[in-house]
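One gets this note's numbering by counting positions in the sequence shown from 1 and adding 23 to each.
Quick caveat, the hints were computed from the structure, so don't treat them as lab data. Some hints here could point you the wrong way.
Calculated pairs, EDC-like style, for lysine to aspartate or glutamate (alpha carbon to alpha carbon, straight line, at most 16 Å) [claimed, not checked]: (1) 119 <-> 33; (2) 110 <-> 132; (3) 80 <-> 129; (4) 78 <-> 50; (5) 80 <-> 38; (6) 80 <-> 106; (7) 110 <-> 155; (8) 111 <-> 155; (9) 100 <-> 144; (10) 80 <-> 132; (11) 52 <-> 38; (12) 110 <-> 92; (13) 78 <-> 115; (14) 60 <-> 70; (15) 119 <-> 97; (16) 119 <-> 129; (17) 119 <-> 45; (18) 52 <-> 76; (19) 111 <-> 132; (20) 80 <-> 109.
Listed next, with one range per pair, are the computed distances between beta-carbon atoms [said to hold, decoys possible]: (21) 157 <-> 93: 38 to 44 Å; (22) 95 <-> 69: 17 to 23 Å; (23) 33 <-> 78: 21 to 27 Å; (24) 103 <-> 133: 31 to 37 Å; (25) 62 <-> 27: 20 to 26 Å; (26) 95 <-> 27: 17 to 23 Å; (27) 97 <-> 61: 26 to 32 Å; (28) 55 <-> 155: 36 to 42 Å; (29) 118 <-> 52: 43 to 49 Å; (30) 156 <-> 52: 17 to 23 Å; (31) 62 <-> 135: 23 to 29 Å; (32) 25 <-> 45: 24 to 30 Å.
No residue lacks a Cβ here, since even glycine has one placed at the ideal position from N, Cα and C.
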Amino acid sequence: MKTQAYLAFDGNCQEALNFYADSLGAEIKNRQTYADKKIDVPASYRDRLQHAELKGKGVHFMAYDAAPDTPLTEGTKIHLSIDLNDKKEAEELYGKLSAGGRIHHELREREWNALYGRFTDRYGINWMINCDLN
Numbered sequence: 024m025k026t027q028a029y030l031a032f033d034g035n036c037q038e039a040l041n042f043y044a045d046s047l048g049a050e051i052k053n054r055q056t057y058a059d060k061k062i063d064v065p066a067s068y069r070d071r072l073q074h075a076e077l078k079g080k081g082v083h084f085m086a087y088d089a090a091p092d093t094p095l096t097e098g099t100k101i102h103l104s105i106d107l108n109d110k111k112e113a114e115e116l117y118g119k120l121s122a123g124g125r126i127h128h129e130l131r132e133r134e135w136n137a138l139y140g141r142f143t144d145r146y147g148i149n150w151m152i153n154c155d156l157n
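Model the full structure from these sequences, guided by the hints.
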């Protein structure tokens, strides 16, 4: 069994995936627009992403632009967590992904002997960065 995140966006999925691909060193795969799938949506949705995947270096999640019948509500119930063993890599990743977002916990050493930080990125996605310092 494998569990994967499927992120929903409101018309800026391609922009967000470009940002994540650059930040995480990953590639956008299986990109399909609503027009590609011949799904009946308003003309303004035709070029939006109906499905795409981000893959690379331990990263694999899916994403799409929500259709008009799927209203989005911002929330805090789910966070994407990245576990690392390299302090420099954790600091760089935290800096890239949190840029333009909202910091909840600065990246710093925690009592469980890890470098940890939590934030919501500029696209409303919640992240946790955890780097084992052992």
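Hints and how they fare:
Taken as a hint, the residue 119 and residue 33 pair is broken in the structure, with Cα atoms around 22 Å apart against an allowance of 16 Å. Straight-line distance between C-alpha atoms of residue 110 and residue 132 comes to about 10 Å, which keeps the hinted pair within the 16 Å bound. Restraint check for residue 80 and residue 129: the C-alpha separation of about 24 Å exceeds 16 Å, so the hint is violated. In summary, the hint linking residue 78 to residue 50 is supported, as the alpha carbons are separated by about 5 Å, within the 16 Å threshold.
A threshold of 16 Å between alpha carbons decides the hint, and for residue 80 with residue 38 the separation of about 20 Å lies outside it, so the pair is violated. Taking the CA atoms of residue 80 and residue 106, the gap is about 12 Å. The hint holds against a cut of 16 Å. Taking the CA atoms of residue 110 and residue 155, the gap is about 8 Å. The hint holds against a cut of 16 Å. Of the pairs offered as hints, the one joining residue 111 and residue 155 holds, with about 12 Å between alpha carbons and a cut-off of 16 Å not exceeded.
A C-alpha spacing of about 15 Å is found between residue 100 and residue 144, which places the hinted pair at or below 16 Å, so the restraint holds. With a C-alpha separation of about 24 Å, the suggested pairing of residue 80 with residue 132 is violated against the 16 Å cut-off. For a cut-off of 16 Å, the pair hint linking residue 52 to residue 38 stands: about 14 Å separates their Cα positions. The hinted pair formed by residue 110 and residue 92 fails the criterion: a straight-line CA distance of about 43 Å is larger than 16 Å.
For a cut-off of 16 Å, the pair hint linking residue 78 to residue 115 is broken: about 19 Å separates their Cα positions. Straight-line distance between C-alpha atoms of residue 60 and residue 70 comes to about 11 Å, which keeps the hinted pair within the 16 Å bound. For the hint linking residue 119 to residue 97, the alpha-carbon distance of about 22 Å lies beyond 16 Å, and the restraint is violated. A threshold of 16 Å between alpha carbons decides the hint, and for residue 119 with residue 129 the separation of about 13 Å falls inside it, so the pair holds.
Restraint check for residue 119 and residue 45: the C-alpha separation of about 9 Å stays at or below 16 Å, so the hint holds. Between residue 52 and residue 76, the direct Cα distance comes to roughly 5 Å. Compliance with the 16 Å bound is thereby established for this hinted pair. Of the supplied pair hints, the one linking residue 111 and residue 132 holds, its CA atoms being roughly 13 Å apart against a limit of 16 Å. A C-alpha spacing of about 14 Å is found between residue 80 and residue 109, which places the hinted pair at or below 16 Å, so the restraint holds.
Our hint of 38 to 44 Å for residue 157 and residue 93 holds, since their Cβ atoms are close to 43 Å apart. Against the hinted window of 17 to 23 Å, the Cβ-Cβ separation of residue 95 and residue 69 comes to about 19 Å, which satisfies the hint. The given range of 21 to 27 Å is respected by residue 33 and residue 78, whose C-beta atoms sit roughly 23 Å from each other. Between residue 103 and residue 133 the beta carbon distance is about 18 Å. The supplied range of 31 to 37 Å is therefore violated.
Take residue 62 and residue 27: their Cβ atoms lie about 22 Å apart, and the range 20 to 26 Å holds. Range check, residue 95 to residue 27: Cβ separation about 19 Å, and the 17 to 23 Å hint holds. The supplied range of 26 to 32 Å is met by residue 97 and residue 61, whose beta-carbon atoms lie about 30 Å from each other. Between residue 55 and residue 155 the beta carbon distance is about 37 Å. The supplied range of 36 to 42 Å therefore holds.
For the pair residue 118 and residue 52, the supplied restraint of 43 to 49 Å is violated, since their beta-carbon distance comes to about 26 Å. The supplied range of 17 to 23 Å is broken by residue 156 and residue 52, whose beta-carbon atoms lie about 33 Å from each other. Separated by about 46 Å at the C-beta atoms, residue 62 and residue 135 break the suggested range of 23 to 29 Å. With their beta carbons about 25 Å apart, residue 25 and residue 45 fall inside the hinted range of 24 to 30 Å.
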